[in-house]
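Peer 1: Quick mapping for you: the protein sequence lines, in order, are chains B and F.
Residue numbers for the first sequence follow this note's numbering, so the first one is 526 and each next one is one higher.
Residue numbers for the second sequence follow this note's numbering, so the first one is 526 and each next one is one higher.
Certain hints may be false.
[What the hints assert, rightly or not] Okay, the calculated beta carbon distance ranges per label pair:
1. B/Gly624 - F/Ala582: 26 to 36 Å
2. B/Ala534 - F/Asp619: 48 to 58 Å
3. F/Gly583 - B/Glu621: 29 to 39 Å
4. B/Ala545 - F/Ala650: 20 to 30 Å
5. B/Arg616 - F/Gly624: 20 to 30 Å
6. B/Gly624 - F/Gly624: 14 to 24 Å
7. B/Asp605 - F/Arg635: 14 to 24 Å
If you're looking for bench data, these hints aren't it; they were derived computationally from the structure.
Here the structure is a predicted model, which means the values were calculated and not measured.
All C-beta atoms, glycine included, are put in the ideal place defined by N, C-alpha and C.
2 protein chains.
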Amino acid sequence: MDDRAAVIAANDRFYRAFEARDLEAMSRVWSCTDGDACIHPGWEPVYGSEAVMEAWAGIFSTGMPMKFLVSDVVVQLLGDLARVHNVENIRFGDGEPIGRVAVTHLFIRRPSGWRLVLHHGSPIAAENEATPRAREPEYH
Amino acid sequence: MDDRAAVIAANDRFYRAFEARDLEAMSRVWSCTDGDACIHPGWEPVYGSEAVMEAWAGIFSTGMPMKFLVSDVVVQLLGDLARVHNVENIRFGDGEPIGRVAVTHLFIRRPSGWRLVLHHGSPIAAENEATPRAREPEYH
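For reference, chain B alone in the conformation it holds in the complex (with noise of 0.2 Å):
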């Protein structure tokens, strides 16, 4: 598999432990290191491993499972760093659609594999739907 391929696999990997409510595979996806941050819709930032994985138990023991369908998904490569940018499609359960996120993945190549080290998540205000999507850009 190459890089751009397995930074695609590790992101869809998140979206399944997210949608599984599974910490232990969220945990996998991501560096777990001191450098790992998260900002939630609507949320501060959270730093470090041990304050993002709570956050994680957090969401995922409350409100109902959510369901992704990721669109506009841009990946680029910068040597061991590879960024993702791609929508989240969001609905619960097997619900209507409730909105849509723009995303931003950080992820650090290990011997493992690439690993997460940012989530940020900003909720798209219905009014801007009709904006310009993703294309993809040149590779630096």
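Dock chain F against chain B, hints included.
Peer 2: For chain F alone, kept in the frame of chain B given last:
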């Protein structure tokens, strides 16, 4: 100036350009490549230097000038990349604070200095303002 100080100086130039609504100064902050990406609060992602600068031109030409008190600055050096998180405490002109935005910045090292390739800002909901503040992560 060491890398960390140079990154913080580049981050500060971003906010001075933003406050001054100075499009030329803002363009000097960015890498100005197709890899540039910007996610403003509530927006879809915007990709590529041309679209990113068009978006800034739009922001600078409407509404009231904003002032930024930047807090909770966290810098992480990752080789030729640097990640900055901070919180923008925003007010219009000399008025009262109007809100806080959690930010991810990604800078890339160029011969001319550190240049911005990503700005991602997301509003912090008022009810979340009591959550723990930033602490410095360990370097990788």
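Peer 1: Are the hints correct? Go through all of them and say.
Peer 2: Here's how the hints hold up against the structure:
A hinted range of 26 to 36 Å for the beta carbons of B/Gly624 and F/Ala582 is consistent with their spacing of about 28 Å. Between B/Ala534 and F/Asp619 the beta carbon distance is about 51 Å. The supplied range of 48 to 58 Å therefore holds. Between F/Gly583 and B/Glu621 the beta carbon distance is about 32 Å. The supplied range of 29 to 39 Å therefore holds. Look at B/Ala545 against F/Ala650: about 26 Å separates their beta carbons, and that is inside 20 to 30 Å.
The hint said 20 to 30 Å for the Cβ distance between B/Arg616 and F/Gly624, and at roughly 28 Å that hint holds. B/Gly624 and F/Gly624 have their C-beta atoms about 20 Å apart, which keeps the hinted 14 to 24 Å range intact. A hinted range of 14 to 24 Å for the beta carbons of B/Asp605 and F/Arg635 is consistent with their spacing of about 18 Å.
Violated hints are absent here; each numbered hint is respected by the structure.
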